[in-house]
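From first to last, the protein sequence lines stand for chains E and X.
According to our numbering, the first sequence is numbered sequentially starting from 765.
According to our numbering, the second sequence is numbered sequentially starting from 572.
Keep in mind that the hints are not guaranteed to be accurate.
With a cut-off of at most 27 angstroms between alpha-carbon atoms, the simulated DSSO-like pairs for lysine-lysine come out as follows [said to hold, decoys possible]: (1) E:LYS900 <-> X:LYS638; (2) E:LYS867 <-> X:LYS638; (3) X:LYS651 <-> E:LYS902; (4) X:LYS607 <-> X:LYS638; (5) E:LYS868 <-> X:LYS638; (6) X:LYS607 <-> X:LYS651; (7) E:LYS991 <-> E:LYS950.
FYI, nobody ran anything at the bench for these hints, they're computed from the structure.
What you are looking at is a predicted structure, and each value in this text was computed from that prediction instead of being measured.
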Amino acid sequence: MGRSTRRAQGRDAAGLQKRRKEVQKVPTGIAGLDQVLGGGVPAGRMTLVGGGAGSGKSMIGLQCLLHGAGAGEPGILVMFEERATSVRQNAMARGWDLAPLEKKNKLCLLDARLSPEVVVSGDFSIKSLLAILDQKTKAMRARRIVIDAVDALLYLYDSPLRERQELYALHEWLLDRRLTTIMTVKTVPQEEPHSRYAFLDFMADCVINVDQRVTAQITTRRMRVIKYRGSGYGRNEYPFVISPDGVTVMPITSNVLRHIPLGPKVSSGQARLDDVLAGGYRSGASILIVGTAGSGKTTLACIFSQAACRRGERVLYINFEESAESMVSSMLSTGLALRPLIKNGTLMVRSYLPEAMGVEEHLFHALEALDEFQPRHVVVDAISACRRMGSEFHAFEYLMRLLNACKERGITCFYINQATGLDIIAEVSGIGISSIIDTVVLLRHLPIGDTMKRQLIVMKSRGSKSSDQFHAFRITDRGIDLGKAEPGDTVGRSAHPTGFGRTGDR
Amino acid sequence: MKARRRETGRGATDRGATYVFRLFVAGNESNSSQAKGNLARLCEEHLKGRFEIETVNVLRDAATAYKHNVLLTPTLILIKPHPKVTVVGNLSDNRQVLAALRLTGNGR
């Protein structure tokens, strides 16, 4: 059940066409992993998952068993290190209740830990384990098995030869029963690439390595398929997350851009700004709002959000700067009432501390929100804070992939970028995403005499005409009050290079 | 289908406690046969007349092995006197086994 056989066409040496049969596969049910494996793990064969402590090996195994239990393939979990009770509790914490599956003989947890008090005297074998597994396999018609932390068993043997003999015996037994097996083994990254268990790699038909590494104080998880006999597979390193729902692997699918063309114009929420934008923003576009601190970027985004929500278009607001509460209350002063919109479910505000998670986890949360909430528009406030996910590169990765996800779904994406200096035009390209940005709105406020003057300019607007002049604006208790176009080169000459500050045609 | 064999040493003395063992074996494979032989010899030498050995063949009775969480063969469990002791292996290291079973020092 749930197996897929793929046939590939090939030509042999004589040039005759022949049918090449790819191995039968069993889906693991882990989002993304099956995609990387081209359908799943090899059916009736062994897959080795290696990784350090806490890298997610056991979770991959358990998820595969749970998926099997739900797909008519009962499974056995042999644990050499963890207690059955703690596995049940940890599973429960993720909302997986194992008890009913165990009762219905869809899942069997076999506690194979060896008491530390056991005295070893002379040679021994795992025949008893095999006898027990034999009985269980027959009784519950098991199709899948996970051998978790097999290294704990191997440590009992003094001799590398006996280690191998016993593992080969186990492997033979598994093959004879045609059980789809996931065996996990701890590896220590500092050592020679699991020298002690290198033979496991040769024995297994599919080898997957998982690890977690810390860069710039933030942890990221990566997995890589090392080999897959008789099958192709994704050869990159793929990021993955362990969320409350389990492991999710995120293959970067966008070698092909599957972007939906820009949609119709939607109002910016401000009539004058709509004029400047020649009717509003294009829905499904990516829009960058750049400006110095306090120049009104968040206000501009919130004005749009309020208008969109009132039209019944859901908006997801990802805030890396402040909590939903503080955003709502500070927007009250500009006459924006966001609370009712949150209450009626058209506006969703998600606040995160950038440094709290790695890029994958941030992405996971964002993509999950896209799928669950199905917004028409997304605001990220502010992308400059994304650097705190680790580095400029991490910020780029996050923003690029989120933007791609939005583009594939036809979701309008507002990226707010806080510029640090006066020369904000140089920061428009910030984090290297400008090439896929459709519209850039630049805000600045400049000291003119003894007052601060705010100006707005639409610098780039793909697929649309727009005014290319600076417009003075004020933030009032009724939102933004946008003035007429004014010559850009009368103020703050130093703030803009040639080509942008010039007076437009209108 | 139970395949247990009970051997009782005759004339258990009152002085020393009776040792009750359960030995898990996998048929007649080499390690299991060796363990049987080594245990029998040890009992004759150190526990004459005051031991009981229950042998469980895991190939025939996996349920008992499962019940007692015995995954490796041979496995010797000292049930009485307390505390329980588990020794894994063919029992080839006589001194180590005696020490584990608390039989050093009172042997002859």
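The hints, checked one at a time:
Taken as a hint, the LYS900 (chain E) and LYS638 (chain X) pair is honoured in the structure, with Cα atoms around 13 angstroms apart against an allowance of 27 angstroms. Taking the CA atoms of LYS867 (chain E) and LYS638 (chain X), the gap is near 17 angstroms; set against the 27 angstroms cutoff, the hint holds. With a C-alpha separation of about 34 angstroms, the suggested pairing of LYS651 (chain X) with LYS902 (chain E) is violated against the 27 angstroms cut-off. Of the supplied pair hints, the one linking LYS607 (chain X) and LYS638 (chain X) holds, its CA atoms being roughly 21 angstroms apart against a limit of 27 angstroms.
Taken as a hint, the LYS868 (chain E) and LYS638 (chain X) pair is honoured in the structure, with Cα atoms around 20 angstroms apart against an allowance of 27 angstroms. The hinted pair formed by LYS607 (chain X) and LYS651 (chain X) meets the criterion: a straight-line CA distance of about 18 angstroms does not exceed 27 angstroms. Distance restraint check for LYS991 (chain E) and LYS950 (chain E): the Cα-Cα separation of roughly 18 angstroms lies within the 27 angstroms cut-off, and the hinted pair is therefore satisfied.
Hint 3 from the earlier list is the only one contradicted by this structure; the remaining hints agree with it.
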